[in-house]
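Visitor: On the provided structure of chain A, position chain B as indicated by the hints.
If you're matching them up, the sequences are chains A and B in order. The first sequence: position 119 = 215 (the numbering used here), numbered continuously. The second sequence: position 75 = 1361 (the numbering used here), numbered continuously.
Incorrect hints may have been included.
Claimed, not checked - Short, incomplete list of chain B residues facing chain A, as computed with Cβ under 8 Å:
(1) Leu1331
(2) Lys1335
(3) Asp1343
(4) Glu1344
(5) Phe1347
Said to hold, decoys possible - Straight-line Cα separation of at most 35 Å, DSBU-like style, residue types lysine-lysine; simulated pairs:
(6) A:Lys373 - A:Lys327
(7) A:Lys403 - A:Lys373
(8) A:Lys403 - B:Lys1335
(9) A:Lys373 - A:Lys335
(10) A:Lys403 - A:Lys472
(11) B:Lys1335 - A:Lys472
Think of the hints as simulated: they come from the structure by calculation, not from any bench. Treat the numbers as computed from the prediction; the structure is a model and nothing was measured. By construction, the Cβ of each residue, glycine as well, lies at the ideal position given by its N, Cα and C atoms.
The chain contents come next:
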Amino acid sequence: MQKPQDFQAWWAGSRPPIDLPWRAAVGGHDTIQVRHVPPGELSAHLDQDAPSIVLVESPFAADAVASIRARQSHAATRVYVVAETDARDHPPAFSEALDVELPVAAAAIRSAEGLTKMLANGLRAHLAVAQRPPDLVHYLDTTYNDVFDWFETTRWSWSELGDLDGLDVTRVTDAERQFLRELTIAEFGTLPAVHNFLREWHDEFSFSSWAVLWGAEEARHSVVQARILRKLGIEVPAKHALYKREPYPMGHVRAATLMMNIVSESRAAVYYSNLAKLAEEPTLQRAWTLLGRDESRHARAFFTFCKEACDRDPANRVAALKMAYVWLADRSDGLKHPSGFFYQQSTSVEGLRLVERTHEGMTDAADEHVLAMIRKLVGDSSIRSVRDIKAWLRRHA
Amino acid sequence: MTTIAQAVRAILADTLAVPPTEVTGETPIRSLPNFDSVRILDVILEIEKRFDIEMPDEATFRVTTVLDLEALVADRLGERAAE
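Extracted from the complex, chain A is given alone in its bound form (with noise of 0.2 Å):
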């Protein structure tokens, strides 16, 4: 459960609405204490501290704004200009430029019921912006900005498959029939995928947004399998999506997360490409050649992200490359997939190892793709082993 927290807001004013200090709970189990600062004596008080909300009376506003926004260690403090009459249609002039919340009618917070129904609009406006890097400050200096273009412009449009009626069944082969019932029900996983990014990068927008993306792509692979299948005259059951319904396990550091899913995505990147370098029947080969594909963007826009992670704290390095280790170097069970890894109760914990069993030597043609990137994600040329990755963790971990 979490910690109860207790927040500071101040009133930066000459009439408080209410008498302070005054404290009100907030948000089940957290408090907010408000307290009176004289305008005269903001700075003064910013210099000791940070509050998360100041309501500053219209008169003062200006000053009260431009010394608050002068601070840096001030960004996430929220500012509420208060007037006597409801000025929202018409903000002060720097309220964009100053990040200023939008006005507040002095009248609706003389109540108690008022100013705390206010206070927690603005312990969450706080609390949202609280984990912001400071570079972001505009919706559009984002890594998902950056990588939106890419994506819309290489994602393959429905109409390249062809006409699924013009299978030829005859040239799909039992073989073929099994990696295709298997790697539809594996794809369901990323179903729950999507759900833990949208977990565990729970305060941001920028992945999140991304991953929203990549789980409509993937969303695409189980129906165009599943359908192929269908035509084979083979049914998917719907057991094997609501097995891998749940979400598994949160991860703990971000970088790692994306680590695990870079060699999930290189491997079935590799995996799809040498099956479509095999079949013989045209629309199977088109459709697997497209999920190919699909796995390798994926793969670098993973690396792309984990790469911001890791500028941003070079802590980050130390565990991407511990979970890349874990997953690259052991194949002490077969190799491991989240998908068979987190659903030991879905049959295709068998059907990525079938896969790999069937095309020796393409996992390791997919790892040497991961070690490429690693190379970029810690800049040393050196790594070209799991034993390289251990020994750089050896000195820097």
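Guide: Frame of chain A, contents of chain B only:
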């Protein structure tokens, strides 16, 4: 108990944040509280630093009990001495 055993068990207990009394020779490593693959890697890295050895990747993931891990460390020390 040998020095190797003492050191390995101390590292396991410390890394997995478990009472040392829970780490016995017959204990299956995977059954220890707080076990996961990344933590076992932390154990291996600490062992490698402590004993100045390199543990083989494959063997690392195949050890089942604490005794197996101690034997692996002893083997590596023996191989290093012979080099």
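Visitor: Does each hint fit the structure? Answer for all of them.
Guide: Status of each hint after checking the structure:
1. Leu1331: holds (6 Å)
2. Lys1335: Lys1335 (chain B) check passes; min Cβ-Cβ to chain A is 6 Å, inside 8 Å.
3. Asp1343: Result: holds, 4 Å to nearest chain A Cβ.
4. Glu1344: Interface hint status for Glu1344 (chain B): holds (7 Å vs cutoff 8 Å).
5. Phe1347: Where the cut-off is 8 Å and the nearest Cβ of chain A is about 4 Å from Phe1347 (chain B), the hint holds.
6. A:Lys373 - A:Lys327: Holds - the C-alpha atoms of Lys327 (chain A) and Lys373 (chain A) are around 21 Å apart, at most 35 Å.
7. A:Lys403 - A:Lys373: holds (31 Å)
8. A:Lys403 - B:Lys1335: holds (28 Å)
9. A:Lys373 - A:Lys335: holds (31 Å)
10. A:Lys403 - A:Lys472: Given pair Lys403 (chain A), Lys472 (chain A) holds - Cα atoms ~8 Å apart, limit 35 Å.
11. B:Lys1335 - A:Lys472: holds (26 Å)
Of the numbered hints given earlier, the model fails none.
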